[in-house]
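Enquirer: Read off the chains here:
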Amino acid sequence: MTFNPVDLLVLMPELVLLGATLLILMLDLFVEQSSRALTHWLSLLALAITALLVCVGAPESGERMLAFNDMFIRDGVATILKVFILLTSALSLVYGRNYLRERKLLIGEIYLLILFATLGMMLLVSAGSLITVYLGLELLTLCSYALVALNRDSSVSSEAAIKYFVLGALASGLILYGMSMIYGATVSLDLATIHASIGNVAHPNLIAFGLVFLIAGIAFKLGAAPFHMWLPDVYQGAPTAITVFIGSAPKLAAFGMAWRLLDGALGPLSGQWTLMLAILAVLSLVVGNVLAIAQTNIKRMLAYSTISHMGFLLLGFVNGTSAGYAAALFYIISYTVTAAMAFGMIMVLARAGFEAEEIDDFRGLAQRSPWYAGMMAIAMFSLAGIPPLFGFFAKLLVLKAAIDAGYLWLAIVAIVFAIVGIFYYLRVVKVMYFDKADESALALPDDKPLRWVLSLNGLALVVLGVAWGPLFDWCLRSFI
Amino acid sequence: MFLNLPLLSTLIWLPMIGAIVVLAIGRNNDNAARWATLLFAVATFVVSIALYLGYDHTATGAATMQFIELHPWINALRANYALGADGISVALIGLTGFTSVLVIVGSWGPIQKKVSLYMAAMLALEGLLIGVFAATDALLFYVFFEAMLIPMFIIIGIWGGARRVYATLKFFIYTFVGSIFMLVGLIYLHLKTGEFSLAAFANAGLGPTEQAWLFFAFLIAFAIKVPMWPVHTWLPDAHVEAPTGGSVILAAIMLKVGGYGFLRFSLPITPDASQEYAWVVIAMSLIAVVYIGYVALVQDDMKKLIAYSSIAHMAFVTLGIFIALALVRDQNNLQAAQLGMQGAMVQMISHGFVSGAMFSCIGVLYDRMHTRAIRDYGGVANTMPWFATFFVLFAMANVGLPGTSGFVGEFMVILASFQANFWFAFVAAFTLIIGAAYTLWLVKRVIFGDVANEKVAKLHDINPREWIVLGAFAVGVLLIGLYPKPLTDLMDTSIQQIVGRLLLAKA
Numbered sequence: 001m002t003f004n005p006v007d008l009l010v011l012m013p014e015l016v017l018l019g020a021t022l023l024i025l026m027l028d029l030f031v032e033q034s035s036r037a038l039t040h041w042l043s044l045l046a047l048a049i050t051a052l053l054v055c056v057g058a059p060e061s062g063e064r065m066l067a068f069n070d071m072f073i074r075d076g077v078a079t080i081l082k083v084f085i086l087l088t089s090a091l092s093l094v095y096g097r098n099y100l101r102e103r104k105l106l107i108g109e110i111y112l113l114i115l116f117a118t119l120g121m122m123l124l125v126s127a128g129s130l131i132t133v134y135l136g137l138e139l140l141t142l143c144s145y146a147l148v149a150l151n152r153d154s155s156v157s158s159e160a161a162i163k164y165f166v167l168g169a170l171a172s173g174l175i176l177y178g179m180s181m182i183y184g185a186t187v188s189l190d191l192a193t194i195h196a197s198i199g200n201v202a203h204p205n206l207i208a209f210g211l212v213f214l215i216a217g218i219a220f221k222l223g224a225a226p227f228h229m230w231l232p233d234v235y236q237g238a239p240t241a242i243t244v245f246i247g248s249a250p251k252l253a254a255f256g257m258a259w260r261l262l263d264g265a266l267g268p269l270s271g272q273w274t275l276m277l278a279i280l281a282v283l284s285l286v287v288g289n290v291l292a293i294a295q296t297n298i299k300r301m302l303a304y305s306t307i308s309h310m311g312f313l314l315l316g317f318v319n320g321t322s323a324g325y326a327a328a329l330f331y332i333i334s335y336t337v338t339a340a341m342a343f344g345m346i347m348v349l350a351r352a353g354f355e356a357e358e359i360d361d362f363r364g365l366a367q368r369s370p371w372y373a374g375m376m377a378i379a380m381f382s383l384a385g386i387p388p389l390f391g392f393f394a395k396l397l398v399l400k401a402a403i404d405a406g407y408l409w410l411a412i413v414a415i416v417f418a419i420v421g422i423f424y425y426l427r428v429v430k431v432m433y434f435d436k437a438d439e440s441a442l443a444l445p446d447d448k449p450l451r452w453v454l455s456l457n458g459l460a461l462v463v464l465g466v467a468w469g470p471l472f473d474w475c476l477r478s479f480i
Numbered sequence: 001m002f003l004n005l006p007l008l009s010t011l012i013w014l015p016m017i018g019a020i021v022v023l024a025i026g027r028n029n030d031n032a033a034r035w036a037t038l039l040f041a042v043a044t045f046v047v048s049i050a051l052y053l054g055y056d057h058t059a060t061g062a063a064t065m066q067f068i069e070l071h072p073w074i075n076a077l078r079a080n081y082a083l084g085a086d087g088i089s090v091a092l093i094g095l096t097g098f099t100s101v102l103v104i105v106g107s108w109g110p111i112q113k114k115v116s117l118y119m120a121a122m123l124a125l126e127g128l129l130i131g132v133f134a135a136t137d138a139l140l141f142y143v144f145f146e147a148m149l150i151p152m153f154i155i156i157g158i159w160g161g162a163r164r165v166y167a168t169l170k171f172f173i174y175t176f177v178g179s180i181f182m183l184v185g186l187i188y189l190h191l192k193t194g195e196f197s198l199a200a201f202a203n204a205g206l207g208p209t210e211q212a213w214l215f216f217a218f219l220i221a222f223a224i225k226v227p228m229w230p231v232h233t234w235l236p237d238a239h240v241e242a243p244t245g246g247s248v249i250l251a252a253i254m255l256k257v258g259g260y261g262f263l264r265f266s267l268p269i270t271p272d273a274s275q276e277y278a279w280v281v282i283a284m285s286l287i288a289v290v291y292i293g294y295v296a297l298v299q300d301d302m303k304k305l306i307a308y309s310s311i312a313h314m315a316f317v318t319l320g321i322f323i324a325l326a327l328v329r330d331q332n333n334l335q336a337a338q339l340g341m342q343g344a345m346v347q348m349i350s351h352g353f354v355s356g357a358m359f360s361c362i363g364v365l366y367d368r369m370h371t372r373a374i375r376d377y378g379g380v381a382n383t384m385p386w387f388a389t390f391f392v393l394f395a396m397a398n399v400g401l402p403g404t405s406g407f408v409g410e411f412m413v414i415l416a417s418f419q420a421n422f423w424f425a426f427v428a429a430f431t432l433i434i435g436a437a438y439t440l441w442l443v444k445r446v447i448f449g450d451v452a453n454e455k456v457a458k459l460h461d462i463n464p465r466e467w468i469v470l471g472a473f474a475v476g477v478l479l480i481g482l483y484p485k486p487l488t489d490l491m492d493t494s495i496q497q498i499v500g501r502l503l504l505a506k507a
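Protein chains in written order, with the working numbering: chain A, 1 to 480; chain B, 1 to 507.
Think of the hints as simulated: they come from the structure by calculation, not from any bench.
Each residue gets a CB set at the ideal place from its N, CA and C atoms; glycine is no exception.
Among these hints, one or two may not hold up.
Only pairs whose alpha carbons sit at most 16 Å apart, straight line, appear in this in silico EDC-like list of lysine to aspartate or glutamate [as the list claims (entries may be wrong)]: (1) B:K192 to A:D404; (2) B:K113 to A:D435; (3) B:K444 to B:D376.
Some chain A residues well away from chain B (every beta-carbon gap over 12 Å; in silico) [as the list claims (entries may be wrong)]: (4) L25; (5) L53; (6) V83; (7) E102; (8) Y134; (9) V156; (10) I162; (11) Y177; (12) V287; (13) V290; (14) L291; (15) D435; (16) K448.
Given the sequences, and given the hints that come with them, work out the whole structure.
Expert: Rendered as structure tokens:
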């Protein structure tokens, strides 16, 4: 094991992000502005530069760059996931800024934690060995626990953070335990080596044992039922500016982890894990969609909707081919972009001392601001999967992947619960458009950057709905 | 001369662009919104006339899709932005353009809140409907088919009556349930053929079991859209709560999408299963004709009565289509099959005019009295003679009086049914009695008799704007009734094509 300086080039985006984060850490000590303009813009700049480096140094389609004895992989999947992780992280920073400032929560730590979490995600989606997977995962989740607990004075936040931490630690333990089994059977931590040797190991039962633990851990990180218990509480308890972050970028990273582990390491066992994932998918679809109907808190409702979307995501996985993974990747991108926007809208309505967390707080929004109401309606219709929006084509692709793999029954379960699902999305539209606004409703803030970014996000859902071909081609190319 | 222009794209996107323009300029200026909408709607209608004039009527020309536009859309799925029109599409697109103009004129006064949003929704809906009638790619069709739920959802939900939220949610979810099963069918066909074009689907070489499954997937989607008994229950609610303009579009055009879907999907893609299970649809249609007719008889809400009458009349469309299938299957009787199918199509167009006109009439009354209950009316003819004239004319068309458009289609379908089975025709002909009963009884209670109360006594007759709307509908009703030849000629060859394909499938 020798050190090769060329490896550092492969890691350049991560190193730059790390350097920038440390720089921001120091600079922030000297920033006294309450708006933290310097920290804010520097963080966005760091994310932008990292994204640029990810794209500029990206390997050719079908090629992969390896570093540090194959512990770190830079390939097409890593590139596309990193681009969208950086994008959604930046989105959460922009959406959350005013919200946090009004609550006097805009402290430098937020930026650092988000940047470190982003670094963890980048590491996770590039992992080439079980160790890197675990390192990336822990960097991400430890930052997330702290972010959720950010509002120390709120008992709801603290409760959510404790719950998240305890269950998250349990899940990490499961993953680690599963990894140790796999290692015990294959005597390797390297994902590619595991992939090669897994077919002829002495103890296949050991592998199956480890596989179950890994799947449980992955399902926990994705938020798929029955490992979803933490999700509604954390989404509701965390400050909305943090929910938007936790609800978007880490889902992309979890997808990356699931793909690296399931396909990269355990691909030959796909006959075993596809059925497990199919069962997880059914449970997620049922639990997510049915429980979302009963919610009056919109953050909780979106949390349950997340669970159901993870069910849809797994539809792409059960296919077990690159076309299926591409569909799942497309789905998760569509979901994160849309969810980020929906949480962003909650923050548009929120004010100091008023959280706008209830669905009824959206009442009559169409009268107060037709533009914002239209944007939220687009997000809801997209999540519900109505054409011609982004979400519809994502659903189309995963359904196709599932049917292609012979899981017609699963596709039919999925669409039945998609029908259940449109009810609660339509309810938000109904509240905005058909109900009268309260007299007491406050005027909406005139936050220009937020308005612009949110509008771009909304229009992206329409544009990508009509012309989603290039993005899907990119997804397909990544898996070559 | 028109063939060089992408007419179908113009027809789809002109109103859609219009919707954005209207939203942009009409925010604080209701009249600007109204005039701009009218401008776009009239322009679209003019283009649809150009489409009719540019249509190649010769036997060779009409045997294929015309005005074809083909651009790659999603390469990974081989889905195309593919448009094309045959005689049936041209007729339905013309109906859409015509009705949309009248709906916008009709909504001029009654819609006073959020005018620009209403007008934009109407234009968007028009564009999407034309898209449905012009798409020859299944994915594109599905996108238009589903997307039109959004504007209709908003139209009923914002401008509707007291129970509008219930009605619009029911409408949306009901329709969504149907179409999503079709989506699974389309994905299956896509996996089978590798593309999304309807022509490829028709040549997929499906086995009997596959066809049966797909047939029922399509049947759910289109039966809900038509709607057929027993999945019709969303329609009365949606109609009663919708604003007049929404009701007119819903009855005159959106319901036709169901009938059109049977022709474009069920018949060409699953011809054997369609013949095999034609009896299911025929039975459902006959039940609708009789049972829904009786249901209409007992309504005390005018709009609900017309809504049920719509279901009964649309049953003739499905009856005509599937009688034709039964005729081909059992007797090889192409001529009668053609007659049934032709009757179904004429009934679609005619019902577009008649139901649109009836709902407009009820809108006229509702704007003045703010009630739809039949018992609040009586003797309207005394105070509104012109209105009464129009109303009676449309009522006669609804009954199917010779000389009006309602007669032509129903008569053709009943004739074709006779050749298939005497009892089919016997039951179908009940409509002549029941339809007359509920329609004429409605006329008697609302229009004739003594002036019922002071409110009716104070009614004033229709204004010029309403005159234009009802007059235009009346012209359409009489024109098809007296001289249906241009319409039947337009659709004749296209129907021959569809019937001919059935024969091929059988062989």
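Enquirer: Could you run down the list of hints and mark each one as holding or not?
Expert: Here is how each hint holds up against the structure:
no., hint, result
1, B:K192 to A:D404, "holds (9 Å)"
2, B:K113 to A:D435, "holds (14 Å)"
3, B:K444 to B:D376, "holds (13 Å)"
4, L25, "holds (43 Å)"
5, L53, "holds (28 Å)"
6, V83, "holds (19 Å)"
7, E102, "holds (29 Å)"
8, Y134, "holds (35 Å)"
9, V156, "holds (32 Å)"
10, I162, "holds (39 Å)"
11, Y177, "holds (39 Å)"
12, V287, "holds (20 Å)"
13, V290, "holds (15 Å)"
14, L291, "holds (18 Å)"
15, D435, "violated (8 Å)"
16, K448, "holds (19 Å)"
Consistency note: the structure conflicts with earlier hint 15 alone.
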